[in-house]
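2 protein chains.
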Amino acid sequence: MKNPSAAVLIIGNEILSGRTLDTNTQTIASTLEKIGVIIREARTIPDEKQAIIESVLALSQKYDYVFTTGGIGPTHDDITSLAISEAFSVSYVRSETIYKLLEQFYQSRGEQMNKAREKMAFIPEGSTLIKNEVTKVPGFAIKNVYCLAGVPDIMKSMLNSIMPSLKHGNVVRSLSYTVMIGESKIAESFEALQNKYPSVDMGSYPFTKDGTHGTSLVLRATDYVNLEAAFRDLKSLIKE
Amino acid sequence: MKNPSAAVLIIGNEILSGRTLDTNTQTIASTLEKIGVIIREARTIPDEKQAIIESVLALSQKYDYVFTTGGIGPTHDDITSLAISEAFSVSYVRSETIYKLLEQFYQSRGEQMNKAREKMAFIPEGSTLIKNEVTKVPGFAIKNVYCLAGVPDIMKSMLNSIMPSLKHGNVVRSLSYTVMIGESKIAESFEALQNKYPSVDMGSYPFTKDGTHGTSLVLRATDYVNLEAAFRDLKSLIKE
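Those protein sequences? They're chains A and B, same order as listed.
The opening position of the first sequence corresponds to residue -5 in our numbering, with each subsequent residue numbered one higher.
The opening position of the second sequence corresponds to residue -5 in our numbering, with each subsequent residue numbered one higher.
One or more hints might be untrue.
Since the list gives no way to pick out one identical chain from another, each pair is judged satisfied if it fits inside one copy or across any two copies.
[To be verified] Computed cross-link-like contacts, DMTMM-like style, restricted to lysine to aspartate or glutamate with a CA-CA straight-line distance of at most 20 angstroms: (1) 179 to 97; (2) 150 to 182; (3) 161 to 185; (4) 130 to 147; (5) 94 to 119; (6) 203 to 127; (7) 43 to 195; (8) 109 to 185.
Think of the hints as simulated: they come from the structure by calculation, not from any bench.
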């Protein structure tokens, strides 16, 4: 079975300017890994219509799923929904379901709808809604593109709600072995191990701790038999 | 004067699997912002030759600069240098300068060169070297592509060393105004302000603090006169 592939598309000037650290990519990657959906690419682009259209079209053609975050709020810089309508040549329409949800939500707080709040009800025609337990305003999905909020807690709630509807793949398991040896000392043995077990993906990550070089060796595979065999070999091959 | 544009290309399976949180994009963005180089896009791709070649070619054609991180170490999964040689159809050659640096470095620690260490001396022919004050092994630059290490401290050292050689642009200044008002209440006024000052880029970032909704309104521009005028207007327009 082939693992479903996916891309993450982070939409937001605040990430590209360095103002905000993106943590959504990591959350999406580690959440989807649990159901065997593999993130093959992540992109961050500005809040600009043309950039969104181009990236959404390119990524949705290339991967099984695209997960966007950001740009679905009430302000003028929130243009994800409009851009995606144009990308897929569908109308940008008011969802009466979302509108009623918003109306109820604001009424329950003694507040009224306004133009900005109404804007959050506009989505590409034919989208399905994505539940948001935090602030109630739904995200939306159209074709293989899932549009989630940028605020991490809301993004997580939306992601959890779509998990059951996604195709599952074989789960990638990973085993890590950390040694206080610099990676250039063990690289040759590690490469030989990679050649012996081509179905296991092996990565080497150097670090420094109290001035001493260490390396984390990470083995990842959906083939658990070879993963465990490779891990046993690794531990006998490389010793501190 | 037009601001130089740039893309960040993060090369590494460990980011796409969610194992490691990428902080290099934020560091590069906030560092380059100080000299007016604007990050227009960031991509994260796996340690795969074809993916590196395609992204490097696409981004180097589209932007003034490309900054890659990761994949320049001694292990078999470090293939950035080889992939970039192929991307630009130049030879993958041993730099005698790097080789001597490595030899001296290991000799000073009473160690010898080996095949994995020698690998770090291989770069695309015609590259210039990028100084690394941390572990000495240089990065390299070819055409408008700067290849930096993935380890954050080493990446920063390399980035600092190339800063003086980059074209500078007008520095983007930003002014932030944070209010404890939900963004849907102020979105209409904020949009009117954006329309009044088109040379100022305005972003709205919601957050929750102790259960109350707040919004950070961020104004960014290279046109400081309009930036300050817009900021004065903002503070008189939107009050808690």
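Consistency of the hints with the structure:
1. 179 to 97: For residue 179 and residue 97, the Cα distance is within 20 angstroms only across copies (14 angstroms; inside one copy 64 angstroms).
2. 150 to 182: neither (41 angstroms within a copy, 28 angstroms between copies)
3. 161 to 185: neither (33 angstroms within a copy, 40 angstroms between copies)
4. 130 to 147: within (12 angstroms within a copy, 41 angstroms between copies)
5. 94 to 119: The answer is within: 17 angstroms in one copy meets 20 angstroms, while 63 angstroms across copies does not.
6. 203 to 127: between (41 angstroms within a copy, 18 angstroms between copies)
7. 43 to 195: between (37 angstroms within a copy, 15 angstroms between copies)
8. 109 to 185: For residue 109 and residue 185, only the inter-copy Cα distance (11 angstroms) is at most 20 angstroms; the intra-copy one is 60 angstroms.
Violated hints, listed in ascending order, are 2 and 3; each of the other numbered hints is respected by the structure.
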